[in-house]
Amino acid sequence: MNTKKNIGVLGLLGLVIMIQLLTHWTGTQYYLTQLTMSAYYSLVILGLCVLMGYAGQISLGHAGFFAIGGYLAAALTTHDLTPYSNTLIIQVLNRCGLLIQGQDIYGDVLLYFNPWVSCILAISAAALTALVTGIPVLKLKGHYLAMATLGFGTIIYRIVLASAFFGEADGISDVPPFTLVSGIPGLPVIEVSGDFSGRVQNYYIAWSMVIAGTLLLLNLIDSRVGRALRSIHGSEETADAMGINTARYKLKTFILSAIFAAAAGVFLTHFNGGIGPSEAGIMKSVRYVAIVAVGGMANIWGALTMGVLLNFLSLRGIFGTYDDAVFGLILILIMLFAPEGILSIRIRQRLRNAFSSSTSEIRGGESS
Amino acid sequence: MALLEIHRLNKKFGGLHAVNNVSLTVKKGMIKAVIGPNGAGKTTLFNLIAGNLSPSSGSVVFRNHELQGLKPYQVARMGMSRTFQNIKLFSGMTALENVMAGRHVRSRAGFLAGMFNLPHTWREEAGIRQKSMDLMKLLEIEEFAHKESTSLAFGQQRAVEMARALNTEPELLLLDEPAAGLNMKETAELGRLITKIREMGITILLVEHDMSLVMDISDEITVLSFGHKIAEGKPAAIQQNPEVIKIYLGEN
Numbered sequence: 001m002n003t004k005k006n007i008g009v010l011g012l013l014g015l016v017i018m019i020q021l022l023t024h025w026t027g028t029q030y031y032l033t034q035l036t037m038s039a040y041y042s043l044v045i046l047g048l049c050v051l052m053g054y055a056g057q058i059s060l061g062h063a064g065f066f067a068i069g070g071y072l073a074a075a076l077t078t079h080d081l082t083p084y085s086n087t088l089i090i091q092v093l094n095r096c097g098l099l100i101q102g103q104d105i106y107g108d109v110l111l112y113f114n115p116w117v118s119c120i121l122a123i124s125a126a127a128l129t130a131l132v133t134g135i136p137v138l139k140l141k142g143h144y145l146a147m148a149t150l151g152f153g154t155i156i157y158r159i160v161l162a163s164a165f166f167g168e169a170d171g172i173s174d175v176p177p178f179t180l181v182s183g184i185p186g187l188p189v190i191e192v193s194g195d196f197s198g199r200v201q202n203y204y205i206a207w208s209m210v211i212a213g214t215l216l217l218l219n220l221i222d223s224r225v226g227r228a229l230r231s232i233h234g235s236e237e238t239a240d241a242m243g244i245n246t247a248r249y250k251l252k253t254f255i256l257s258a259i260f261a262a263a264a265g266v267f268l269t270h271f272n273g274g275i276g277p278s279e280a281g282i283m284k285s286v287r288y289v290a291i292v293a294v295g296g297m298a299n300i301w302g303a304l305t306m307g308v309l310l311n312f313l314s315l316r317g318i319f320g321t322y323d324d325a326v327f328g329l330i331l332i333l334i335m336l337f338a339p340e341g342i343l344s345i346r347i348r349q350r351l352r353n354a355f356s357s358s359t360s361e362i363r364g365g366e367s368s
Numbered sequence: 001m002a003l004l005e006i007h008r009l010n011k012k013f014g015g016l017h018a019v020n021n022v023s024l025t026v027k028k029g030m031i032k033a034v035i036g037p038n039g040a041g042k043t044t045l046f047n048l049i050a051g052n053l054s055p056s057s058g059s060v061v062f063r064n065h066e067l068q069g070l071k072p073y074q075v076a077r078m079g080m081s082r083t084f085q086n087i088k089l090f091s092g093m094t095a096l097e098n099v100m101a102g103r104h105v106r107s108r109a110g111f112l113a114g115m116f117n118l119p120h121t122w123r124e125e126a127g128i129r130q131k132s133m134d135l136m137k138l139l140e141i142e143e144f145a146h147k148e149s150t151s152l153a154f155g156q157q158r159a160v161e162m163a164r165a166l167n168t169e170p171e172l173l174l175l176d177e178p179a180a181g182l183n184m185k186e187t188a189e190l191g192r193l194i195t196k197i198r199e200m201g202i203t204i205l206l207v208e209h210d211m212s213l214v215m216d217i218s219d220e221i222t223v224l225s226f227g228h229k230i231a232e233g234k235p236a237a238i239q240q241n242p243e244v245i246k247i248y249l250g251e252n
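Chains A and B, in that order, are what the protein sequence lines are.
Mapping the first sequence onto the working numbering, position 114 (from 1) lands on 114, and the numbers just tick up by one.
Mapping the second sequence onto the working numbering, position 34 (from 1) lands on 34, and the numbers just tick up by one.
Mixed in with the good hints there might be a few duds.
[Claimed, not checked] Example chain B residues on the side facing chain A (calculated, C-beta under 8 Å, incomplete):
hint	residue
1	71
2	72
3	73
4	90
5	91
6	101
7	188
8	192
9	196
[Said to hold, decoys possible] Cut-off 20 Å, straight-line C-alpha distance, at most; resulting in silico cross-link-like pairs (SDA-like, lysine to any residue):
hint	chain 1	residue 1	chain 2	residue 2
10	A	139	B	117
11	A	252	B	117
12	A	5	B	123
13	B	12	B	23
14	A	139	B	74
In case anyone wonders, no lab produced these hints; they're calculated from the structure.
For glycine and all other residues, C-beta sits at the position ideal for the given N, C-alpha and C.
Work the whole structure out from these sequences, hints included.
Written as structure tokens, this is what we have:
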């Protein structure tokens, strides 16, 4: 079991390297940009997969967590702090090396948060938001939970759209690179940025995060906690009777998935050099849910495969202006024909069910 | 002090007085049965004890702790485990995984330990697996360990459920109609199994319809009818009790 998991992860690593080499040899390195972005989106989907597929809790608000991560990272690294430089807190932060200095076009000194600090703050903010919203919201089940998380997503969307601090409809641009490693002899500067020359490097940064995330979540599912999560999905009442604190496990999983989403938001924002309100939109949340469903719900590999594939196609513009419609359609088709994901598809039987006069058998509840 | 003491317990659902002033005690090491016709309030009583329902009034004291306000998972951690009348296995998990889930209260690995697959969790996992397989052997279901649990035959599912409950190492095991849906031969085997579990030092409280099973294995029987306790005593005495014969045994 362990070896199978490790072989899968090694296979993924091999594939990632192979694809990079292929784009190098065929001169199609421009694909790397979308592959990098797809990797970050897949990180959101991996976290959501554990929440939906294993713990059995739906969230139609995960774009909100992605946006909390991305927007805070962007805002904290682009808003100049010099007007507050006399305040104690800014001086302390500066003294501790948590701020960095820049220059505007006139040569005046500007003061920003170090991307590391903003990254940690942004992810913590998302985790805290998940904690505070999760405690009341996760008491709900099924449709009610879906609606409540949808409400949460809407709130975040309206906040980023309405607040000047987050750039209103324009979003935030000119987000600086996120330097991960610098000043170590023998190693080049490693930074998350959309810089043309850093394309290969960023492809590997994104994919190492995906590989690490996949490995962590696969481990989790195989563990005692994973078993508890799956038992909650199987029967919450019984899990409770077995001494599993279901409320706490659901909450922790919700927070974990929010951390994955926020981390993806932070990194993708530094990679893109900005973020706009569409990233917080409801259609993004729907898209994430649709992709987890296509991947087979309780299937990390399925979610990852579909996450990369569909995001890549979408980013390449294959779906044109029907982009969101395509994901809506995918959701309908999956629910009708392959509620266990397309890897388990039995098309003919599903078609017969779907078009027979009886409607009783088609996916009554959200879990079988 | 008895292991479980129920004192003047009441539960009303709107106008229905499902459990009416019921008191009973379960002493350590005994097999106690609660019987009664359909709708007598047996399962409600069980749900009150296990914390799935909260009583309208009265108290449930387990191991000298008042259970009022505790959630089922907290009651389970105190050493009470249960099976359900309509078997509730975790679908999408194998029989073994179901039984292993019962080990939850006796193990510790958390989110971070799981995600980073820390070495100290390996031994714990191996222990959980070993203990679960041992229990499945005891209940003679080890050959189904790797089958999807809900695909098993009814009697096997019941055994898986019981193994899962036993895996929590309970002081008190609540069995909600364990013989429902079993034929006579299977019921007799179940009786032997329950006796075997008692010999492991586990106290048993069961709700049951099947009189042959109850009369064979119980040390003490409580009879409920329409929420009231109408009789209590040794099986032989219960069999002779005219009121019990009238409302319950008379029907058979």
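Verification of the supplied hints:
At its closest, the beta carbon of residue 71 of chain B sits 7 Å from a beta carbon of chain A; the interface hint therefore holds under the 8 Å criterion. Hint status for residue 72 of chain B relative to chain A: holds, with the closest Cβ pair at about 4 Å, below 8 Å. With 8 Å as the threshold, the beta carbon of residue 73 of chain B comes within range of chain A, its nearest partner Cβ sitting at about 5 Å, so the hint holds. The restraint placing residue 90 of chain B at the interface with chain A holds, with a minimum CB-CB distance near 3 Å, inside the 8 Å limit.
The criterion of a C-beta within 8 Å of any C-beta in chain A is met by residue 91 of chain B, whose closest approach is roughly 5 Å, and the hint holds. Residue-level restraint check for residue 101 of chain B holds (minimum Cβ-Cβ distance to chain A is 5 Å; threshold 8 Å). Interface hint status for residue 188 of chain B: violated, as the beta-carbon distance to the closest one in chain A is roughly 27 Å, over 8 Å. At a threshold of 8 Å, the smallest CB-CB gap from residue 192 of chain B to chain A is about 25 Å, leaving the interface hint violated.
Taken as an interface hint, residue 196 of chain B does not check out: its beta carbon lies about 22 Å from the nearest beta carbon of chain A, beyond 8 Å. Note on residue 139 of chain A and residue 117 of chain B: the hinted pairing is violated, with a Cα-Cα distance of about 30 Å set against a maximum of 20 Å. Of the pairs offered as hints, the one joining residue 252 of chain A and residue 117 of chain B holds, with about 18 Å between alpha carbons and a cut-off of 20 Å not exceeded. A hinted pair counts as satisfied when its Cα atoms are at most 20 Å apart, and residue 5 of chain A with residue 123 of chain B qualifies at roughly 19 Å.
As the CA atoms of residue 12 of chain B and residue 23 of chain B are separated by approximately 16 Å, the hinted pair is consistent with the 20 Å bound. With a C-alpha separation of about 18 Å, the suggested pairing of residue 139 of chain A with residue 74 of chain B holds against the 20 Å cut-off.
Hint check: violations occur at hints 7, 8, 9, 10; the rest are consistent with the structure.
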